[in-house]
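There are 2 protein chains.
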Amino acid sequence: MTATHPSLPLYQQVAGHYRQAIAAGTLAVGDRMPSVRSLMGLHEVSLSTALQACRELETAGLLEARPRSGYFVRAPSRPALAPIEEPAAGLPDPAQYVGIHQRISAILARSQHRDIKINLGGACGAPSLYPTAALRTATARALRRYPDLFGSAAEADGHPSLRAALARHALRSRIQLAPEDVVVTHGCTEALNLALRAVAQPGDVIAVESPTYYGLLQILESLGMRALEIPCSPQTGISLEALELAAQTYDNIKAVAVVPNLQNPLGCVMPDARKQRLVAWCEARGIALIEDDSCASTYEGETPLAAAKTWDTTGNVIHCASLHKVLAPGMRLGWIAAGKWQARVEMLKFGLSRPNEMLAQIAVADFMGTGAFERHLRRLREQLRNQREWMAQAVAGSFPAGTRLTLPRGGLHLWIELPAGMSSETVFEQVLAHGIRVMPGSMFSNSNRFDHYLRLNCGNPREPAIERALETVAGVVRRLAP
Amino acid sequence: MTATHPSLPLYQQVAGHYRQAIAAGTLAVGDRMPSVRSLMGLHEVSLSTALQACRELETAGLLEARPRSGYFVRAPSRPALAPIEEPAAGLPDPAQYVGIHQRISAILARSQHRDIKINLGGACGAPSLYPTAALRTATARALRRYPDLFGSAAEADGHPSLRAALARHALRSRIQLAPEDVVVTHGCTEALNLALRAVAQPGDVIAVESPTYYGLLQILESLGMRALEIPCSPQTGISLEALELAAQTYDNIKAVAVVPNLQNPLGCVMPDARKQRLVAWCEARGIALIEDDSCASTYEGETPLAAAKTWDTTGNVIHCASLHKVLAPGMRLGWIAAGKWQARVEMLKFGLSRPNEMLAQIAVADFMGTGAFERHLRRLREQLRNQREWMAQAVAGSFPAGTRLTLPRGGLHLWIELPAGMSSETVFEQVLAHGIRVMPGSMFSNSNRFDHYLRLNCGNPREPAIERALETVAGVVRRLAP
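Quick note, the sequences are listed as chains A and B, same order.
Residue numbering for the first sequence follows the numbering used here, beginning at 3 and increasing consecutively.
Residue numbering for the second sequence follows the numbering used here, beginning at 3 and increasing consecutively.
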């Protein structure tokens, strides 16, 4: 372990070593952690490094310090909360056609026009999670290298260097792309707009996960398309059985739009076999498959996650993603590889917003070409894992009985099931009064099935202000609990 | 004059002085221009400055050098070409519903996949026309000032400093806007997409000028809306009479989308009285008015052009514009002030591409806050006027008999009427073979009315390469002429 992650800070390498030992059961619950002194000898590290490693594991909820006797392996926090409920079989009610655009917009507007001190509703991490200094340097370099950049029209479909870097990056998800297969977009949001307009018309039905990312529901309504919500398992993703049932019921399903890796908000990952079945099913049915793969790089597992497009042999899968959550929230860079709709998407992008400005593209391509990119992703995964774990721990310790949670293995969110009957919109309103923003579950569906769910952002490092905010949310939830 | 433009280079101040004298008739055709020596004395300038001033006027086609006798006022080039034809009265044929998207895209693709050496088809100017160095400096300053910029999500609807700068800038067009009335977009293209989606649905009819900007026709088709082409006078803009006739014929016109100032491709300016009538007519008919005002700042006249929104009292006018052509082609910054549709546009923008990245916005707001912005615009107007004049001159001197041209008083284009029966697409294809790109008139209408028109870009300073390219185009046209 120590050897495999030389780029990680020493204390994290040591912590990682014992994290594995605990995960493997080599160190069981109740076992005594080697003393700080012996850690110093074993790993040839300083006292402060050894201490930091133990604190890291304590923060992650894996160790507990017992006065005058050292650190012990504690029962992991996961059992403290039951996993969230599996969806009922069959299809949801026709509520799926009720517009949500106004509702989402109203909620977003409410929080935009409030003074938000702590944002636990956001989609990305704190600035400290991103390599802002390196990106500033790369940007300054690009300005020197291309003095006429601002005076020249941007290149169609994206800067060649970024299209090439993204094609290389896609190899990590086991996708084979040529640079020309990639069109750079304004975030994944624009990519999804392009994908949907490429394959469907107003009035068409698009099958989506339930719950699903509210942004997708908003896009669908703004395009006059109809969202058909398919039950999605917190463990294995969209239900292929319900999808088949839906296809038998509705004959105008034009596309399936999903997040196979670290779904938003559930955080679930579709097993590769199911991804493969989904791709084949869409192909056989002549239904386009649109995947949003923006979070895969945050997966904590050893093997990178494969995208659904990996199994695409006919160009029927449209792959959309962005660097928003994993590299630079402030750069709004996304992309689309549209398979057999590539030409149409290029046309639509030109008609929608013309090519993206070049500066950020050149700077990011520059950064992605260095080892710093992989080192950043490794650190990001580590930080997000710690943040998810301590937040899950805090929720387990402070939310009322009946709260359920499935700890995801990546991403920036926790999807929390509150005791039945609770209204997350009431929670939203009450914590907003404290200058804290959370995402009510009602935004993630056209139905009311998720009104008692809450999405919390784990993008903030553990700090007193965040802990206090989380305690405020917990307090509000406790008071409202039946 | 000299006093009023202190920021202009001295030789341009001197040239401007005599340009006015010639325009006013104080110096008539054939008159002798004061000798270089007397210019030195009169204006207290150096020999080289006096010479440069004369060459400037010669370049503009206002003076001619006679060996051993100095400079003389020459017949202006305009009479050399008849103004282009006024449109026939009444409504165009149903050809307006033929899709043009594929056609435009095919032409754009053809030129994108060729190695273009000289682009006379583009929409903006050469890099040397824009303050790239100052914008680079402002960008570097923004990077220092906001170290976390790339790590933070962008602010909704645009950076406050740019929204404020754009609201100030709008005063020049006599529009009163608060910063909150402005939404920053990815160029005017995104602004037009938002405007159309805010007021109309697929299947609705949008009245547009004929000829009109091909990008608008592309957007309309991609949104499933139908373009109704209204005849547009090369002198006074869209025909209000034909518009009234159209409204009596079609009951589903949801918006009128026009470029009242320096129309693309005609270059005409609607007289204020007609702008005012158009605004009132749309208001009375309950039809939205969408204006693209991206080129107004290039108007050569003394008084800045008023936008149609100047006369909007009910929020029925949606004002769209960009800085693409007048400040920074490489920054893709546009904006929209959507009047009574503002909230809907904010919602649509969020669902379409989220807020624009901040860096360019901060840098441009910074630059717009300095006197350098006005100085840049003054220089740009002067340069573009010279470039339009010498190019018109060159066309007059090298295109075949029957060629017609109305010299616009601003903008970056010449709209050239070739002898009847000629095909500008054939011209396009043949000059493309030489690595030169021009815009065939067929792109600017769903009908074939403008197939024998050509749009040439005047954004390039007079240089041998450009002169040769123009001569190549002229040669091709001459060979193809009947």
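These are calculated hints, taken from the structure and not from any lab test.
Check the hints yourself; a few may be wrong.
Identical copies carry no separate label here, and so any pair may be met within one copy or between two of them.
Within a straight-line C-alpha distance of at most 20 Å, the following computed EDC-like cross-link-like pairs (lysine to aspartate or glutamate) qualify [unchecked claim]:
#  : residue 1 : residue 2
1  : Lys119    : Glu469
2  : Lys342    : Glu182
3  : Lys119    : Asp150
4  : Lys342    : Glu243
5  : Lys119    : Glu473
6  : Lys342    : Glu384
7  : Lys119    : Glu157
8  : Lys256    : Asp206
9  : Lys119    : Glu60
10 : Lys119    : Asp206
11 : Lys256    : Glu469
12 : Lys119    : Glu431
13 : Lys256    : Asp150
14 : Lys342    : Glu285
15 : Lys256    : Glu157
16 : Lys256    : Glu285
17 : Lys256    : Glu376
18 : Lys119    : Glu465
19 : Lys119    : Glu427
Structure-based check of all given hints:
no., hint, in the structure
1, Lys119 x Glu469, "within (13 Å within a copy, 60 Å between copies)"
2, Lys342 x Glu182, "within (13 Å within a copy, 41 Å between copies)"
3, Lys119 x Asp150, "between (40 Å within a copy, 17 Å between copies)"
4, Lys342 x Glu243, "neither (27 Å within a copy, 46 Å between copies)"
5, Lys119 x Glu473, "within (14 Å within a copy, 64 Å between copies)"
6, Lys342 x Glu384, "neither (37 Å within a copy, 48 Å between copies)"
7, Lys119 x Glu157, "between (40 Å within a copy, 15 Å between copies)"
8, Lys256 x Asp206, "within (6 Å within a copy, 23 Å between copies)"
9, Lys119 x Glu60, "neither (27 Å within a copy, 64 Å between copies)"
10, Lys119 x Asp206, "neither (41 Å within a copy, 44 Å between copies)"
11, Lys256 x Glu469, "neither (45 Å within a copy, 52 Å between copies)"
12, Lys119 x Glu431, "within (15 Å within a copy, 59 Å between copies)"
13, Lys256 x Asp150, "neither (44 Å within a copy, 41 Å between copies)"
14, Lys342 x Glu285, "within (12 Å within a copy, 45 Å between copies)"
15, Lys256 x Glu157, "neither (31 Å within a copy, 34 Å between copies)"
16, Lys256 x Glu285, "within (12 Å within a copy, 39 Å between copies)"
17, Lys256 x Glu376, "neither (37 Å within a copy, 51 Å between copies)"
18, Lys119 x Glu465, "within (14 Å within a copy, 57 Å between copies)"
19, Lys119 x Glu427, "within (19 Å within a copy, 59 Å between copies)"
In summary, the structure is inconsistent with hints 4, 6, 9, 10, 11, 13, 15, 17 from the numbered list given earlier, while agreeing with the others.
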